[in-house]
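Novice: Top line first, the protein sequences correspond to chains A and B.
Residues in the first sequence are numbered consecutively from 10, following this note's numbering.
Residues in the second sequence are numbered consecutively from 545, following this note's numbering.
If you're looking for bench data, these hints aren't it; they were derived computationally from the structure.
Even glycine gets a Cβ: it sits at the ideal position worked out from N, Cα and C.
It is possible that some hints are incorrect.
Below, simulated SDA-like cross-link-like pairs (lysine to any residue); rule was C-alpha separation at most 25 Å, straight line [unchecked claim]:
#, chain 1, residue 1, chain 2, residue 2
1, A, Lys-62, B, Gly-616
2, A, Lys-62, B, Ala-599
3, A, Lys-62, B, Arg-822
4, A, Lys-62, B, Ser-1042
5, A, Lys-62, B, Gly-730
Among chain A residues calculated to face chain B with C-beta under 8 Å, some are [as the list claims (entries may be wrong)]:
#, residue
6, Leu-44
7, Ile-52
8, Arg-106
9, Leu-111
10, Val-116
11, Gly-118
Heads up, incomplete: computed chain A residues facing chain B, CB under 7 Å, no partners named [said to hold, decoys possible]:
#, residue
12, Ala-89
13, Ile-92
14, Val-99
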Amino acid sequence: MEFAIASGVGVLVASGIYLLLRARTFDVILGLTLLSYATNLLIFSSGRAVVGKPPVLHAGVDPTLANYADPLPQALVLTAIVIAFAMTAVTVVVAMRNHADLHSDHVDGHEPETPGPKRDGDVQA
Amino acid sequence: MMQHLVLAPIVLPLLTGAILLLLERRHDVRVLRVGAWIGLALLLAVSVALLAQAARGDITVYLLGDWPSRLGIVLMLDRLNALMVLTTTLLAIPALMYACAGWDRRALHFHALFQIQLMGLNGAFLTGDIFNLFVFFEVMLIASYGLLLSGARGERISAGMHYVVFNIAASTLFLIALGLVYGMFGTLNMAELAMRIREVAPEDVALARATCGLLLVVFCAKAAMLPMYLWLPETYARAPAAVAALFTIMTKVGLYAVLRTGTLLFGEGAGAFAGFARDTLLVFGMVTMLLGGLGVVGALRLRISAAYLVLLSSGTLFVAFALAQPGTIAAGLYYLPHSCFAAAAMFLIAHIVQRERGHVGDRVLPAAPPMPRLTGLLYLLVAISAVGLPPLSGFIGKFLLLAAVPPEDTGWVYAAVLGSGLLALVGLSRTGTRLFWRTTEIDDEVDGGDGDAPAAAPPPPAQDAPKVRGLEIAATLVLIGYGVAMTVAAAPILRYTSAAATQLLSPDDYVRDVRGTTPQIREP
């Protein structure tokens, strides 16, 4: 199971970074989402991979990690998911505005081979 | 009651922000301004009270929900935190003044976002737990996206896109580091971490080093260290002036985290981790400084040079904190508020200049119309302070830093600090000369180069330029006033920062206080 989780995290991170580097807003958003999935899996597994054990205490069972799943990473993952979700929403809005204003889905606002709109600092002295 | 005061810098802006959000549907912006100022006044009172409490030298630990520190969330207050919270509040006052001169009418939800940003900043400074550091980083960043992008068009959106994506990627890296930290050490509380990092098994040292390294990379990215600074100049230069002024403290959050982890986790008693990454931080800090100086020289717009001044101060602080001597940390903590105020004042002046010059904006070009004397005078004062010339506070900070550098490091550090200072001096003098002295028309500039005398009888400023309001000048004057006050009151401030440095360099007291604080009602 450790191998499956580790390779899952690895594949997600690799795909996420590839998409991030594509420099298209939609791909970048997908890449960030994949990265956040990978992170969530990683945090989840930081409490060690266990199967069939509850994270909540039961009467009559010793309160040690041998009998329970670690509840803290699950709480952390929940926080991380919420934050990543909000951040994705923000990025989508910014990307849509970017596209609407600059008519390009490149993250720089213009294609690399074409010169961008005239910058403020470019005036000749 | 007093024990709950530590919570106030977080709860107060949150409540103010929430109330302002409710009010803004029905009420005029003037009502919002009154609300925002009441919130800020209360926050100032709380910050001063906390500073007075911390100045007594004891570390206050606040257990949220009364859970023991190893299980629950702790807030804590020592001299460093109290100083940072007060700096944030002091910086927020002129930023809000400047925004009240008109920007807050144009930007949606400005006042609510401003308060939430303050909450994130204060929370990041006060928390004693790495995961909450992450959460407050995010609160701060979400508010900053809103402040940066509300009302934005075109170029600013494109700069905002870079800023948002970069910060989300850095936050993801932060989470990865946190996952590894929890997997390695089984805790996210900084005091517990400081204990457990000393007991790392030899076979785990490599993995633990990678984990801590990742954490530091994230903090350095937030503080705009050398390879990871590219987002900063464009973003800060395109942010609205009031927002850019507040943003100058955001890079300091990363520096605060570096200092906190550097002294607490990687202090002298940390075994295999004593002095972890200090040499690397020192080298990169020096290069960042020089790069900041070069950026000031090469900037084509005044705002870009202000952004590079932020970078320069980040580099200086990295050097001060990486040397980890009591003297350098004390000098760094004196320099930190000063550099925030100076850079913020520069952003405000850049905006004033931009509007007074009409279509030329804040480009560094010799062009009409001539500027009012007052603006030139303000620029001169801020430039002196930012570069670190006597008599203002920048000089004291840099001088103390140089005086405290240990003898074996003097060569490189002196060269970097003085060299970057010289570059910034050259850059800002050139900018000032072109903006304020050579104010003839561009067409007459063919002879160029011989630095004309100040225009003898300047014609009145162009009528089409929007008028600069008194409140905006006043905001800049407040920032300069802070610098003067820091110069006049240098001795008490330095006593405080020296005590803060001593407190930081004895992490054992901190660990003992956090672990020794027990729940009052709950049975552990």
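Novice: Give a verdict on every hint.
Specialist: Consistency of the hints with the structure:
1. A:Lys-62 to B:Gly-616: Roughly 23 Å separates the two Cα atoms, so the pair holds.
2. A:Lys-62 to B:Ala-599: violated, 49 Å
3. A:Lys-62 to B:Arg-822: Roughly 43 Å between the alpha carbons, so the hint for A:Lys-62 and B:Arg-822 is violated.
4. A:Lys-62 to B:Ser-1042: violated, 51 Å
5. A:Lys-62 to B:Gly-730: Given pair A:Lys-62, B:Gly-730 holds - Cα atoms ~19 Å apart, limit 25 Å.
6. Leu-44: Holds. Min distance 5 Å.
7. Ile-52: holds, 4 Å
8. Arg-106: Hint holds; A:Arg-106 Cβ to chain B Cβ min 5 Å, cut 8 Å.
9. Leu-111: holds, 6 Å
10. Val-116: holds, 6 Å
11. Gly-118: holds, 4 Å
12. Ala-89: holds, 6 Å
13. Ile-92: holds, 5 Å
14. Val-99: holds, 6 Å
Going down the numbered hints, you'll see the structure goes against 2, 3, 4, while the others check out.
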